Every structure is written in structure tokens, then in C-alpha cells.
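Asker: For the record, the sequence lines run as chains E and P. Residues 471 to 606 in the working numbering are what the first sequence spells out, letter by letter. Residues 255 to 335 in the working numbering are what the second sequence spells out, letter by letter.
Hint data in this document are derived by calculation from the structure and do not stem from the laboratory.
Pairs of lysine to aspartate or glutamate residues, derived as EDC-like cross-links and limited to a Cα-Cα distance of at most 20 Å, are as follows:
1. E:526 <-> P:324
2. P:258 <-> P:322
3. E:526 <-> P:325
4. E:584 <-> P:312
Quantities reported herein were computed from a predicted structural model and do not represent experimental measurements.
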Amino acid sequence: MFGLTREPIDTARIARSLQRPEDGALVVFEGIVRNNARDKAVRFLEYEAYESMALKKLEEVGAMARSRFDIRDIAIVHRLGHMEIGEASTVIVVASAHRGAAFEACRFAIDTIKEIVPIWKKEFYTDGEVWIEGAR
Amino acid sequence: MSIKVLFFASMADAAGTREMSVEAAGITDVISVFDRCAGEHPALESYRSSVLLALNAEFAQPSSPVRDGDEVAFFPPVSGG
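The following block holds chain P by itself, in its conformation from the complex (with noise of 0.2 Å):
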């Protein structure tokens, strides 16, 4: 089973892609399907310390838990209105 992992503006150019599917097992927490995505795709590093980071479409925190099947995104800053 696995975890639905999207990326928007400039991270989704930074990975390449605007979604990709993370193997569950070894996923605990937010923060650890980040270093697997960033682990796939080496320009998402720089993100690390701006990234905002959404479980199931409610912003969340690093050590905030995820389970088989969840949404996780990845974004910066927003910069909408």
C-alpha cells in the first residue's frame, strides 16, 4: 500500500513531477515521506527549511502521523490574492 505524495509550483518543478506514490512501510511521520520524496529527487533539499507541509489537505507538522492511503503535500509559501 502506499501514500499519495503532490508537490505544487515551484517544488512540483523542483521534483519533476506533481504527484508521486511513496511505499508505506518505513513511513511514520510527515517529515519521513519528505526524505523519502527528497531521497527520489535531490532538488527538493533545498526546501527543506521553508517547506509547508499538508496531511490530508489540513497543514500538519513534521512529526505529525501518516498512515497508509493518506494525501501528503508539499508547497512553499503561498503567494495567492
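Looking at chain E on its own, in the form it has when it is part of the complex (with noise of 0.2 Å):
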């Protein structure tokens, strides 16, 4: 399951919904909206992304997670818009039979979200607002 969505992610359902009897490990990434960076307070973030493009590839993402590593299934789950701190923004979760694929395609997956899927953050603080471009 591959989505964008600009509602609050719910987690557990999708953690629920991924999960079948066969599976031995079930890991949770939750990226978070967090209250600080590059030493400033943030207030909120809020998220663009070239949407026909993002899906296609967390799609890819999700391909390329399933076909290095051991794993049984992967969900991808960014969410766009604005959203408040401590609130999740990215959502992956990785069923296996064993939880060494498991951990490593998750890692793998949110490393090459932030490479290759064309989403944007843009900080807000309390003087002001930045685009935040990633390492090219």
C-alpha cells in the first residue's frame, strides 16, 4: 500500500491492515514533525510534493525495498500539507518473516524516500519560513 494523503496518518491501522499470520516481524517507522532544526524553533511544517510523480515512486521505493531484502510487504505513507509538531509526516511499515529484513528495508526505504521522491518541507518559525532543500 502506497499513498499520499493529507489527513493525519492513522499508524496502527495501517500496521493492522499489512499484517498476515505468516509474518514474524512487524517494524514501525514514524517520520515526525519536529519542534526544532538547524537551531531555530519550528512552529509547523508543511509539505508540497509533484503528487502524479511522489506516488509513482514510493511505488518504486516499495519495489525496490521487496527486491533486496527478505521481506514480505512494505506500505508507504506520506502525508502533504500542513501538519503540527509531533505529528507524523511519513509512515512505513515492513512485515517479514524475520525481523533482520525487516529493519533494513525500512531503513533503506526512508534513505531513498528522501533521495529520490519529490516531496518539499518548508519550516515555519517564529521569524519566518524556509524551503528546505535536500542534499543533491
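Both chains are sitting in their own frames, so use the hints and assemble them into the complex.
Answerer: Quick look at the structure:
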């Protein structure tokens, strides 16, 4: 399951829907809106995406994770729009028979999202706002 | 006929628009679309060395051929997750 949403992400529901009786490990990762960045207090974030391409790229990340690691399934959801401190911007759930592959695939997925999925974050501070650009 | 151009994040701010239409005449490849856009919106010029290029929602090269009706997107390095 791969998706973009403008609503709060229900992590537990995604995890429950992914899990099957043959799974021995379920790794859940949430990327969370943090109240600080670059030595500044962050009030909230906004994310925007090139939505048609971002969805394709999330599916591509999932396909790469499945081909590289011995996992059964993976779900990735990224939220867009306004997010408050403490809310999840990204949820990744990986299901597999054993924990090692699940942890590795989850780490691979979030790292690859940050490289190839066209989504951008804008940080809002008390004294202004800045679009964040990733490392190229 | 024309080519649809999309800008995202700080490049949409620099262009002053999220979307524009470029006349296809004289357009050969992705970088020629960028040249045309930067001609109209000079603030885009500072992104020339860092811009990521997409053609029909897939990453592209400066030399990727562009045809009438294509969708080209320009954006800074991604920062999702």
C-alpha cells in the first residue's frame, strides 16, 4: 500500500492491515515533525509534492525494498500540507518472517524516499519560513 | 501547441508561478525548456546548477528530448520524509 494523504496518518490501521499470520516481524517507522531544526524553534511544517511523480516514486521505493530484502510486504504513506509538532509526516510499515530484513528494508525505504521522491518541506519559525532543500 | 511546465517548492517562488505553458517551437530538449523559462523568470537562473529535471513525471537529463504536449517539471533537491 502506497499513498499520499492530506489527513493525519493512522499508523496502527496501516500496520494491522499489512500484517499476516506468516509474519514474524513488523517494523513500523514514523517520521515526526520536530520542534527544532538548524538551531531554530520550528512552529509547524508544510509539505508539498509533485503528486503524480511522488506516488510513482513511493511505489518504486517499495518495489526496490521488496527486491533487495527478504521481506513479505511494505506500506509507505506520506502526508502533505500543514503538520503540527509531533504529527507523523511519513509512515513506513514492513512485514517479514524475520526482524533483520524488516529493519534493513525500513531503513533503506526512508533513506531512499529522502533521495528520490519529489516532496519538499517548508519550516515555519517564529520569525519567518524557509523551503528546505535536500542534499543532492 | 505547447509544453506544460511545473515548478515546485522554492522554484515555484522564484518563478512566481507553479505552472506555465511554453510554446513548443524551438524546444528540443529539457534544458531548452529551462532556458526559455529562465528567460521569462530570471530568478530561476540561480537554480541552473542544482535543479532536478523531470519529463512526464520521471527524472530526466538536460538532453532528454521534449515533444509537443509533454509535461516538464523543475524542482530543487527533495526534502520529504
